[in-house]
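S.K.: Each chain, letter by letter, is given below.
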Amino acid sequence: MTDATSSVNVAAPPAGTRAAQLAAIEQSGWGLRFRFPQPHNLAFWVYVIGVGGGALSMFRYFGQGAGFYTPALTGGALLFGLYLVPWLLLLRHHNRYTAQPAGLLAAGFLWGGVAATFWIALPANGALLEIWAKLGGTSFAADWAAGLTAPINEEWGKALGLVLLIGLAPRLVRSAYDGFIIGAFIGLGFEVFEDVLYVYNGAAQLYGVDQFGTSLQMFVIRGASGIVSHALFSAIFCAGLMWVLGRTPGERDVVRGVLAMLAAMVFHFAWDDMGGLGGGGLWAAVLPFLIAAVELVALFHVLRLAARQERVWMRDLLAPEIGTGAVDPPLLDAVSGLRKERKAYRKHLRSRRGARHLVEGAGDLAHEIARAGGADSPGVVHARNELLRLRATP
Amino acid sequence: MAVRTQDPSGERVPVEHRFLGLDRRTFGVGFLVLGIALVLIYGLPALNAAIPWHNEIRAGDVLDLGDGATAVPPVGWQLEDGTLTTGAGTTPSTVHVELASGGAKVELRGTSYQGSAGGFLDQVGRSEGDDVPAVTGPRDTVTTAAGLVGVVESSTGPGGDGLDVAFKMATGPAEAVDAAPALLVRVRTAPGRFEDFRDEVAALLRSITPGDRR
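Sequence order for the protein chains is A and B.
Just so you know, the first sequence maps onto residues 75 to 468 in the working numbering.
Just so you know, the second sequence maps onto residues 11 to 224 in the working numbering.
For reference, chain A alone in the conformation it holds in the complex:
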């Protein structure tokens, strides 16, 4: 049996790969901890004001009829709470490269759910919707006001959370992929809290008749459309914002960033003004599926582009491990590659399960190396030995 804390004989890695490894640790911020209370940081106080103001506004909004509409609110909170579970599992899977700390992601979720929804969107949307009705007439507003309002107020309101998190964790939030993942969490928070708001409004629209039935109906409608809604818009928008800001050497691409942000706003517009765009008939029935398909293609394209930098970091972090025998070139290609490379690795090993374990083990080793700042910590030694054990297992 291998002693998990014992070290293997490590040949000194070539100077170039070691330098690249240290640069990747420095640039990526992998392994750094997130500290939320930062009383010296103005971004912390703005965050507190935003979430505090949003919470106050939320309690005021629901407080008006909280007693009478308790069944709807309870049903909505319960159903959309459960709705979160598959989303969190999916986002956890996609958090495998960057592995943002849970506290940072929770802060993003809370900003999206409380501050962006109730502090910003509620008053801003009400005002802008009315402005469109005043400028274009009520018919124009009925067709287009929602789509001309939400993409501005809501996308920017959510993205402000990402900017604050950059202020709170400047070394942790660096790449477009960080923006993508944090944006998805902010959008998910917005989506879930907004859905509970819709449940409440739906029950109020029916003056409280069959409240649980209303919340169930709203859950089905909003839950299905939510697959291609706020989490997706914000992931694309925030990845775009990170490309514009260019916080990683060589990653700045203003044109790509602006295009991604505009794409998220156009998707949001199309989703909100489906009625105006569809104009009734067969086209109106087909349009939601068409828009959803386009959105998903765009999402995966942005995800792939955004992950490029993270994959480079993963490669740089693990390249010196070739010398230890824990990682070999095919595994390095698989762990820092795309689906194609992972598939090739499965074929190479002739074992789906074995390949999955080795790729996950290599990911663990990369994160331990980052956490240890490139040193041989007990965590690194353990992860390295785990890989060696897996490789020795037929």
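Keep in mind that a hint or two might mislead.
Stretch by stretch, here's where chain B covers chain A in the computed footprint (C-beta under 8 Å, at least three residues) [unchecked claim]:
# : stretch
1 : 234-243
2 : 269-281
Derived coverage of chain A by chain B (criterion: at least 3 residues anywhere in the stretch with Cβ under 8 Å from a Cβ of chain B; other residues may be distant) [what the hints assert, rightly or not]:
# : stretch
3 : 109-117
4 : 163-172
5 : 189-197
6 : 217-231
Hints listed in this document are in silico derivations from the structure and should not be mistaken for laboratory results.
Cβ atoms here follow ideal geometry from the backbone N, Cα and C, with glycine treated the same way.
Given the coordinates of chain A, work out where chain B should sit on it, guided by the hints.
M.R.: Relative to chain A, chain B alone:
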């Protein structure tokens, strides 16, 4: 040679960056976010308040109440929400119309409700609680020119005068009426001003029609 040291706790701000205990290097992000948020939260409502309404009801305009149901609004009032029959179209269970004139506001709100107009008005009362200080008058019946029968309830309070009228948007057998969508017409005026708008409100109520499709 000056040697820069690092605070191991990361909590102490170098003196040259301190301002009122805050780290000045964080001001850029903080003020940027606060500025944009305040523009959205207070700037847009201020802009909205500065823009006047220009959706005046003209002679011949007809309100769309969904599925062919209509109402004729008073000429000269402002249409603040809802659509005319020449517009985008709406559905009876989600229709929302707001009309305003100096000192008066009329709201027409559609919903689905299984039961009578009186039962619907009871449900509206239950949903809003009975703690609003007002003197409520006895219920009465109102009949529109198209034969729709509604239940009307008036109220007077320190906040102003009010009139709530509940309709089921169908005529004929009780089963058809019970299954039809409901419409709540809510009139609110400044204290003691209801009389000034009585005729216009009465004309609006009389004009409500369930449409040909019901």
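S.K.: Per the coverage rule (Cβ-Cβ under 8 Å, at least three residues), is the stretch 269-281 of chain A covered by chain B?
M.R.: That given contact holds, which follows from 4 residues of the stretch 269-281 of chain A lying within Cβ reach (below 8 Å) of chain B.
S.K.: Count residues of the stretch 234-243 of chain A with a Cβ under 8 Å from any Cβ of chain B, then say if the count reaches three.
M.R.: holds (count 5)
S.K.: Verify this for me: three or more residues of the stretch 217-231 of chain A with a beta carbon less than 8 Å from a beta carbon of chain B.
M.R.: Held - the stretch 217-231 of chain A has 4 residues with a Cβ nearer than 8 Å to chain B, which meets the minimum of three.
S.K.: Three residues minimum, CB to CB under 8 Å: does the stretch 163-172 of chain A make the cut for coverage by chain B? Let me know.
M.R.: violated (count 0)
S.K.: Are there three or more residues in the stretch 109-117 of chain A whose C-beta lies closer than 8 Å to some C-beta of chain B?
M.R.: holds (count 6)
S.K.: Given as covered by chain B, does the stretch 189-197 of chain A meet the bar of three residues or more with CB within less than 8 Å?
M.R.: holds (count 3)
Going down the numbered hints, you'll see the structure goes against just number 4.
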